[in-house]
Amino acid sequence: MYRNEVIRILLADDDPDDQLLFREALDGIKIKTQVETVENGLELMNQLHQHDHLLPHILFIDLNMPLKQGIDCLQEIRRNPAFQDIAIVIYSTSSMERDIEESFVRGANVYLQKPNDFSSLKKALGEVITINWQYQTCGLNRDNFLLSL
Amino acid sequence: MIYFLKYDIPSICKKIIRQQMKNIGLDYQIISHTEIDIKDVISDDHLKYLNNCFQDEGVEIIETQKSILIQKIKDTIIELVNMEEKLSTVKTSEYLANKLHHRYGYLSNIFSEVTYTTIENFMILQKIERAKDLINTNEYTFTEIAWKLNYSSMAHFSLQFKNTTGLTPSAFQRIMNKKRKFAIAA
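Quick note, the sequences are listed as chains A and B, same order.
Sequential numbering of the first sequence, starting at 272, is according to my numbering.
Sequential numbering of the second sequence, starting at -14, is according to my numbering.
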């Protein structure tokens, strides 16, 4: 992983407005990113299983999605060793302690509560990507990678 | 009469590289006029020498030396965080400057330029990572961990832990224990 490498991000979120805001927020970040989006849990799983597709470095999953819930996707992904290097961010409106803990226990690295305004979103995404970059480049122990924002 | 000169910059540069490399006798390949691949493993001193030769021609080896230095800064910090006795007695900036033979200001700038973080933040991140490892052993109290990592108090440690991870040390411990149980059950 080098400075000039682009960080591949996959966002699973069924809300088109949220998708748009997400993309715009990432535009303002120093680290170069490339974003793809899927709209539901089934589409997410299909995309990950496509062999001709490079896996994302970071995956953002909305907890509430049609067809397959975020938490089920999280669990399925974490049980597959092929996906062990992907950092998983649960991206949700919920601020319930129970949702946060449950996400971490099932293998999420980051719990990001959807911020209410654009500048906080930008700041939070910047933080997630920078810390993830440290884990990727400094050989830090990924099992310990828990971040709640 | 004034004549204008048109240069073929890449060819001139490659010629300079070839001349310099011939003097040094290393196995190499020119990728482009801004990039060479040196096949042999070279020591720090050798690289410094090479850099000096190039500098005489107005050429500077950048990324390699920079990334080597960055790596040394990181290694030194990690080493420091893992040595309790040192952590409490030395000042990070002085320790780095003495060990790596560069001014701290220089190290600090070059580090921020390449890593998207600062030496101070990297140090905090490493201390918190070490704290996480210690917490995971379930063998130490938070007060002991705070002391081991040279925090002035448990409160200061907890605050920095929370600022870095968004979780308190006890929430982290609870989640990690649950996570382990969950992984075993699955």
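FYI, nobody ran anything at the bench for these hints, they're computed from the structure.
Glycine residues also receive a C-beta, built at the ideal position from the N, C-alpha and C atoms.
Incorrect hints may appear among the rest.
What the hints assert, rightly or not - Here are a few chain B residues that face chain A, going by a calculated C-beta distance under 10 angstroms:
#1 Arg88
#2 Phe157
#3 Lys166
Unchecked claim - Here are the computed lysine-lysine pairs in the BS3-like style, where the Cα-Cα straight-line distance is at most 27 angstroms:
#4 B:Lys33 x B:Lys51
#5 B:Lys164 x A:Lys385
#6 A:Lys394 x B:Lys59
Does Lys166 (chain B) hold up as a contact with chain A if the rule is Cβ-Cβ below 10 angstroms?
Interface hint status for Lys166 (chain B): holds (9 angstroms vs cutoff 10 angstroms).
Given the proposed pairing of Lys164 (chain B) with Lys385 (chain A), does the C-alpha separation stay at or below 27 angstroms?
holds, 24 angstroms
Run the distance test for Lys33 (chain B) versus Lys51 (chain B): straight-line Cα separation, threshold 27 angstroms.
Holds: Lys33 (chain B) and Lys51 (chain B) sit about 12 angstroms apart, inside 27 angstroms.
Take the shortest C-beta to C-beta distance between Arg88 (chain B) and chain A; is it under 10 angstroms?
violated, 23 angstroms
Against chain A, run the beta carbon of Phe157 (chain B) and see if the smallest gap drops under 10 angstroms.
Holds. Min distance 6 angstroms.
Hinted pair Lys394 (chain A) and Lys59 (chain B), Cα distance within 27 angstroms
holds, 25 angstroms
Taken one by one, the earlier hints fail for this structure only at number 1.
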